[in-house]
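Protein chains in written order, with the working numbering: chain F, 731 to 1081; chain B, 731 to 1081.
Please keep in mind that the hints were generated in silico from the structure rather than gathered at the bench.
Take the hints with a grain of salt, since some may be wrong.
Which copy? The list can't say, so a pair holds if one copy fits it or any two copies do.
[To be verified] Computed cross-link-like contacts, DSS-like style, restricted to lysine-lysine with a CA-CA straight-line distance of at most 27 Å: (1) Lys926 x Lys949; (2) Lys926 x Lys1078; (3) Lys734 x Lys1077; (4) Lys865 x Lys819; (5) Lys781 x Lys1077; (6) Lys795 x Lys819.
2 protein chains.
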Amino acid sequence: MDIKSKRIAILSPVAWRTPPRAYGAWETVASNITEGLLARGWKNVTLFATKDSITKAKLIGFIEKGYEEDKTQIPLVSTCLHISKMMQKADEFDLIHNNFDYLPLTYLPFIRTPMLTTIHGFSEPDILRAYHDHKDSYYVSISDADRDPELPYLATVYNGIDLSNLTFRETPGDKLVHYGRIHNDKGTHLAIEVAKKCGMDLIIAGIIQDQKYFDELIKPHLNQSSIQYIGPVNPIQRDALLKEAYVVIHLNTIPERFGLVMAESMAAGVPVISMDLGSCREVIADKETGYLVNNVDEAVEAVGKIDRIDRKKCRQRVEENFTIDRMVEGYEKVYEEIFRREDRRRKKFDV
Amino acid sequence: MDIKSKRIAILSPVAWRTPPRAYGAWETVASNITEGLLARGWKNVTLFATKDSITKAKLIGFIEKGYEEDKTQIPLVSTCLHISKMMQKADEFDLIHNNFDYLPLTYLPFIRTPMLTTIHGFSEPDILRAYHDHKDSYYVSISDADRDPELPYLATVYNGIDLSNLTFRETPGDKLVHYGRIHNDKGTHLAIEVAKKCGMDLIIAGIIQDQKYFDELIKPHLNQSSIQYIGPVNPIQRDALLKEAYVVIHLNTIPERFGLVMAESMAAGVPVISMDLGSCREVIADKETGYLVNNVDEAVEAVGKIDRIDRKKCRQRVEENFTIDRMVEGYEKVYEEIFRREDRRRKKFDV
């Protein structure tokens, strides 16, 4: 049987619409996988997402809208209904690709269809209890760095990004840029330190995820000219922002799981200076598409060496590793491996 | 087959040990049902609860301790593991009696064993979505007042209370008493108003569930003598507290679902003045074991008529309606009805 005729269920979260209107990282990935599979010729792809989701695949939804977009919903009610009702259709699929964290695992003992879970991150260590209860299931990590040593990963499949609103520009801008969630984890305050030490302008963009952090550590440094905060940016605004960028400053204070911001920046030809924590050294090629550093002083030093980076190489690194097509190709290999293993298992028990 | 040989699984929450050391209403009920069934001669009762739970029945646990007693646990991880693993053993039982809210319902489509859910309360209206998705399951309400019109309840089974630390006393104390969760819902601030208008002493006891409410509306009125807060009380302290009580003031501001405090007070012979909201008129016999009122002034007036209440009738009302044995007797009837229906269903499809 042609593998691309296999019946694939993509399980997306129901926090936001798939694809999300703005924020919604896992829904974005689920959407990219779904549309990417179709683009590569898969014929039987079904997306399980909110009813208002948009896809060229078959859409099955049980929840009207994302619970983050409709505050009358109790998130867990929507979540467990979505998952349970999807699982009741498990027999109609050859593979379920779960992008919705650990709760779906607890329904696994009741279905026969194999499930692949992309672990988009361990929000807290205790979540491992749920994963460790299902060590015989299939897992993909989104970077080699973000792995639990006890889980039997089939592969790392890097997130792929949509390049359509990421214009490559050979000519650098003249500002430092920092964008993403405004949160201590992302080191917005460290970007400000770098800007002050370099005497360069800094533009900050993104949703404020920790208001206290913003009020105490960011806001006091903002002004009309040299350090600006412009709020969240949509893909078109992000493209305009990256045009201004001499370099993107990404001094994460905790290990990065993947780092979409780094991939997006490089896609626009913008080098990235990043803390050498977690997946950063997998996304950035050190000294080729940016610099990995260990502290603010090293970051300041790295700003001085940005002219040594070939912006074309930045773009090229993304095209070769972090496109949606590359991601889907990665998943195709994983699906194939799962079908192979399931066939072996079936032969063993059914003969 | 002797109905008391049927294999019953009692599903308790894992927020606290079963029975709980102090607070833990649903765990208390689950424990009372389990031990009560054994006391009435049931032979195959299994309690699913935290591993450190205590029961004379068979105990099966997957979670070491209650997530409220071990803050390293993510509540949902423990909850879904507990439920999923219980459900994997569903075939070993003739009936599952769920005391753990709506999440277990989402596993129902995957098991064959019938499940009875006691709805201990709808914490938010949106929870109904989960129940309405399983209108063909079996439900019990804990009062006639606390019912959703769309659900097919088999019966109301009132909570039963353990009378062992509730000493009946014919002689009243001389104080107003208010106890339970210190929260606006329970009307602690209204009890203070009543005390001031009556010029009587008031003792307040219970856990502070809303610190802001306590700090703003309760604390300013406390003093060493006439209005005292003595903190949470265990059953022995509660018994001593009720000895002091002339009447218990229970001016709930939202519909009561059942009202353990009212039953406990009456068990000690203490009349209750309660707001006429929700189940209060099912628990209190108006003008016989207390008074149903609509506001503080009516409550003050009712205090003046407490000497008309026969304290023996208070005790009697509890013995006849709100003991563990009466509760378990109620559940026995419900179990019987479920087995009858399941038999009919089986005959219909299996012949």
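Practice problem: Give me the numbers of the hints this structure contradicts, sorted from smallest to largest. | Solution: Numbers 2 and 5 - these are the hints that the structure violates, sorted from lowest upward.
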